[in-house]
Each structure stands twice: as C-alpha cells, then as structure tokens.
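Chains A and B are the protein sequences, given in the same order.
If you count the first sequence from 1, position 53 lands on 53 in the numbering used here, and the numbers rise without skipping.
If you count the second sequence from 1, position 270 lands on 1270 in the numbering used here, and the numbers rise without skipping.
The hints are simulated quantities; they were obtained by calculation from the structure and are not laboratory data.
All the given hints hold, so there is nothing to weed out.
From the structure, some residues in chain A lie toward chain B, with a derived Cβ separation under 10 Å:
1. E83
2. P102
3. Y182
4. H183
5. D185
6. S196
Now the in silico label distances, taken between C-beta atoms and shown as ranges:
7. B:L1253 x A:T141: 46 to 54 Å
8. B:E1323 x A:G24: 33 to 41 Å
9. B:I1200 x A:A68: 52 to 60 Å
10. B:D1203 x A:D32: 47 to 55 Å
11. B:G1282 x A:D86: 20 to 28 Å
12. B:I1192 x A:Y15: 51 to 59 Å
13. A:D28 x B:G1333: 48 to 56 Å
14. A:Y15 x B:M1235: 34 to 42 Å
It should be emphasised that the depicted structure is a prediction, and the values quoted were computed from it without experimental measurement.
Note that beta-carbon positions come from the ideal geometry of N, C-alpha and C, so glycine has one too.
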Amino acid sequence: MRILIIEDDDNTASYLLKGLTESGHTVDRSADGKDGLFMALEDDYDLIIVDRMLPVLDGLSLIRSLRAANRKMPALILSALGEVDDRVEGLQAGGDDYLVKPFAFAELLARIEALTRRSDAQSPETMLRVGDLEVNLLSRTVRRAGQPIELQPREFRLLEYLMRHADQVVTRTMLLENVWDYHFDPQTNVIDVHISRLRTKIDKGFEQPLLHTVRGAGYRLSPN
Amino acid sequence: MSQRHLLKSSTFRLALVYMGLFGSSVLFLLGFIYWSTAAYMAHQADETIQAEIAGLAERYRSDGLTGLSSVLARRSTSRVGGNALYLLTDEFGTPLVGNLDRWPPVTPEPNGWLNFSLEHAGPRDEIHPARAQPFVLEGGYRLLVGLDMQELQQTERRIVTALIWGLAITLLLALAGGTLMSRSMVRRIESINQTSSRIIHGDLSRRIPTEDSDDDFDHLAANLNRMLDRIQALMEDVRRVSDNIAHDLKTPLTRLRNSLELLGAAHEDPEERQQLVEGALGEADGLLATFNALLRIARIESGARREEFRPVDLAGLVRDVFELYQPLAEEKGQRLILDVRVNAQIQGDRSLLSQALANLLDNAVKYTPAGGEIGLGLRTEDQAPVIVVSDSGPGIPEPERGKVFTRFYRLETSRSTPGNGLGLSLVAAVAELHRVHIALDDNRPGLVVRLLFSPNINNL
Chain A
1 MRILIIEDDD NTASYLLKGL TESGHTVDRS ADGKDGLFMA LEDDYDLIIV DRMLPVLDGL
61 SLIRSLRAAN RKMPALILSA LGEVDDRVEG LQAGGDDYLV KPFAFAELLA RIEALTRRSD
121 AQSPETMLRV GDLEVNLLSR TVRRAGQPIE LQPREFRLLE YLMRHADQVV TRTMLLENVW
181 DYHFDPQTNV IDVHISRLRT KIDKGFEQPL LHTVRGAGYR LSPN
Chain B
1001 MSQRHLLKSS TFRLALVYMG LFGSSVLFLL GFIYWSTAAY MAHQADETIQ AEIAGLAERY
1061 RSDGLTGLSS VLARRSTSRV GGNALYLLTD EFGTPLVGNL DRWPPVTPEP NGWLNFSLEH
1121 AGPRDEIHPA RAQPFVLEGG YRLLVGLDMQ ELQQTERRIV TALIWGLAIT LLLALAGGTL
1181 MSRSMVRRIE SINQTSSRII HGDLSRRIPT EDSDDDFDHL AANLNRMLDR IQALMEDVRR
1241 VSDNIAHDLK TPLTRLRNSL ELLGAAHEDP EERQQLVEGA LGEADGLLAT FNALLRIARI
1301 ESGARREEFR PVDLAGLVRD VFELYQPLAE EKGQRLILDV RVNAQIQGDR SLLSQALANL
1361 LDNAVKYTPA GGEIGLGLRT EDQAPVIVVS DSGPGIPEPE RGKVFTRFYR LETSRSTPGN
1421 GLGLSLVAAV AELHRVHIAL DDNRPGLVVR LLFSPNINNL
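Given these sequences and hints, build the entire structure.
Structure, rendered in structure tokens:
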C-alpha cells in the first residue's frame, strides 16, 4: 500500500516509517501541512496519516482541503489530544479514524487495515461468513456448520464487528470504541472476558478455532 | 478608622448622593409650601385691593364724587382693616381724600401696580413696604387703593425662615445619618479587607467574621469563606498529590528504567530480553494511562464540558455498564445484580458518566472477594434519581471516606493492589461537573456508593 505520512516530529516520523516499511508498505513523508497537501493532491496514495499539529497548515485544515478537492482516500489522524470532542472534531473534518498518541504500533497497523478494507466493499450485506461460521444480519441468527448458536445482543454485535474485520487484527480499544461506544480504558480486562465468552460459544466443540488472540495486539477472527 | 478613609469611602459618597437627592426633594416640597402659603397670601392681598377698587368705582358711578369721598374718608380713618391705603386726587395729582399725603413718586410695574415705601408713624419711625393699584375715574380723577404690606411681608419672612431652618435641619440629619450608616458599612468592609489581607499573606486558615445578622454582608462573608474553604482544600490536595506523586509515578518510572538498564547489559537470552522489553513497555503504558487520567480529570474539573451536555438516559446507561461488567464478575465468581427501578433522564455527558460508573464497578470487581455480591441500580430518592453501586468487599473506613476522592489516594490496605489511585478522583470530578452528590456508606459488609442527582429536571 502507498502511504503518505504528514508528521513534523522526526522521532515519530521515523518510528512510523520504519514500522510501516517493515510491514511491507511504501511510505512517503512530509514534514509540514502545506507540503503534505501538495503531495497528497499530486500523487495517488491509498492512505494518509496526518498529525493534527503541523506547521504552516494544521492537520484538520489539510484534510478539509483534501475533501473539498474531492479526494476521498482514507485519512487517519494522530493527535496528543484525546478527549471525545477532539475525536469528533477530527472525524467531522473528514478524517476516517483517530488515534491518540502515544499508541502501540500494533494498534496503528490494525486500524490501517480496517480503514483500507472499509474503502473496498461498501455494499450492504445480509450474510457474513468466515469459514463455516455464518451470521444472518436480517434475522440476527448465527450458525456454525449448520448448527444454530444462541448469542446475547451484545455478543452478536461483537461477533458482527469481528466478522466485518475478518483476518484483521482488532485491538481492545477498537472494540471498546465500536462495539460499546466507550472512549476510555477500563482498568480491568473487561473486554477479554467478553471475548472468551464469545469464543466459548462459537469455537468450543468445533474442530477449527476461529477467534484467535494476537499477543500484544488484540484479537483476530480467521479460519487460519 | 480614619476620618479621611470615611470620607473617601464609597458608602459615604453614596450617602452624600442620597442626601443630595433627598435634599432636592425636600427643597421642592418646601418651595411648594411657600408657594401655597406666602405667595398665596400676597396674591390674595392683590385680589382684595382689586375688589375694593371695583366696589369704589361702582360707588363713584352711583353716588358721584361726594359719595365716593365720604366712603373714602370713612375708610381712611377707620381702624378696622387698618392696613388699607386710599388716595383720591384730581387729574393734576392734588390729593383730595385719603390717608396718603401724596401720590407715590414711583414708576409703576408694567401691569400698573405701584410698589412704594410708607413712612409709618408708630412707636418707632419705620418704613413699611406698600403696594397699591391706581384707577382712573371718569372726569379725570385718580383713585389709588392699596395695602400696607409690612405684616404680610413679615409673615412671609417668618415662613421662609421656618422653611429654611427645616431644610437645614433635614440636611444635617441626613448627613449625620449618612455618616453613621457608612461608618457601619465601612467597618464591615474593613473587616473583610483585613482578613483577606492576612489570608493573602499566607494565613489560609483565617475566615471572615460574620455577625449572625443574615444581611447582605453576612451572605458575602459566608460565600467568601466557602471559597476559602475550597481553596484550602485544593491546596491540601496539591500538597498530598506532590507527596503521592513521589511514590506512585516514580515507582513505575524506576521499574521502567531498571528494565532498560538490564536490557542494555547485553542479555543473550532472547526470551529474557523480550520479557524485559515487554515489562518496560507495560510500565510506560501504565504511566501514560496515569497521565491521561490526570489530564482528563483536570479538563473535567475546569468545567468547560458543561456546555456539551445532552439528555442522557440513566437507565440505559446503567444497563450498558452492567452488561459490560457482567461477564467479568461472573468469571471472578461474583454475583452482579442489576436493579433498575425507574427511568430517568438528565442533562449530562454520557461518555463521562459511563466512565465514572465504570470506575466504580472496576473498584467493586477488584475488591469484592469470590462469592461476593455487587449491586448496580437506579432508583429515586426524594424525587431525584440515584445510581447505587454496592459491593461486599472490605469497604472504606469512615475516617477515610472524605479523602478517597483526592488524587493518588490509596488506602493502606490496598497499596499493593494494581491501580493508580485516580479512579475515584475521576468519579468525583464527573460528579462535581454534573452537580451530583456522592454518598459513601457501609454496606455491612462492604461499600455502597450512591450518586445523588439534583431533583430538578434539567439537573443543573
């Protein structure tokens, strides 16, 4: 994937460059908002990562300008400001996701994957399938290998999210934000227990485990 | 206090303004009284003269000169109405009848009236003022009828003198009253200023004295004292935080540094290296979480979020948090019981309220032993919504209940359990923002936390 990073802090920029290049992406970097905007308009990037605080032109204005120029590539905003209203402001400016600094690299990778995946298939579906696990979104039913599985409403939402991000790493923060609409970190491992319950329901008694734990990152729903 | 201070004080100036206004009103009133009395009397005198002239002119017409002269002669010598003045002259001004010896050599007023001086032959030689109206009769005779104005003027003077005295006394009383009033106020204000000055110079324990009179000054003093209480509490908070920071932030930093140091000592074992790295990362993350929590609390305490308040369904919120923690409680062998008895909607920030509630549940789950019971509920007390979180853990001893909400506060008994001591500080900050009162009680055993919302609909 071709990624453009617009970040003025050299330390952060090299951290991102190194990590993303090692993950197999082609990465360009700009150090200020004006230059970054030009680069984003001129070349064809699959994703841009924009820091909120930039010299010359700030990150949110940059994104607004991009959107006004009808450029729709997904934009991930990085910021030290982490309150809910800051996030809302960022998303309203045209950003697609918002990550608070400092963040774990695994978190960044997971969100990048989720963003680029999203920009592919936007068609409304009625059925989601991973391996032999089927979820019917209309009737709100779940079956694996033909057998029906009873899920609580929240467990269903959790499974739906995991399935929409199948094969991708999904972090606990992403789950808290998208399945529970919470923007803080509970001190206890509340999410883990929900996952293990879901895992019991969909994996136990079946040959192939689908819900995997990715150490240091989060979870992944995948037949491999 | 000094005279100068008194005179410069704004209360004295206010008293002066009041005195000025009052004085002007009194002046106006007295002027009205003057006009109704003395001026009226003078006017009445003129009218009397006019009426008499009209009568005499009539007599001249009916009885001729002789008739008029005899009336005049009679009236001139009569003692009754002894102030009247008469003079009849021919066309050349030669006096014919009357009690004046000649026509007054003065210029008439534009309306014809004459004001002149009369030599009054009395016990002393006095000059009396007089006023008369001339009248020309047919045949060229000139008639002058008037009044000795001495008495009238004396009365007038007496009235004016009385009014002026009245005004002077009023002003004096107003001034005296104003002085007394401002002295009392200046004294109260001085006492506030002096106490404030001492406080500013470092003695934060002083409070402004109140006088139990429940007046505006006492209200002001009470409010200032409350403000001082708050400042004092905040300052003590800061002191305690600085003490606790030494421990709670430096400990993970120390561990982090140790891990890195050990890592730098070139370990061969990749597994051990990985462990050290993960340990270091964990400490760093823990520190960051602490800082984020501190930042969030500070932002909440600044109160800016109140503008973003929206309607929040408390029952829904409580159910959501219950549903989030239910699996965890179950896994730890605790019974989590939901008890939502009412529906309630308030104005607030849903995100902050969920976090506050989650923090309370975090604590409940953390401190309740296996087999214990945790309650989460919503009900009303005195027509106000109340969220209740109860547990069967060790609880919080009564003397510590006021302190647990300060930053980094850990009970001695729980110093070893994981946590940064900020969870309840956040709950307190969110509660303060929403004007919610937090009540801690003994659950016998355990702790019961009640979040008491304000009874009115808008919750503010």
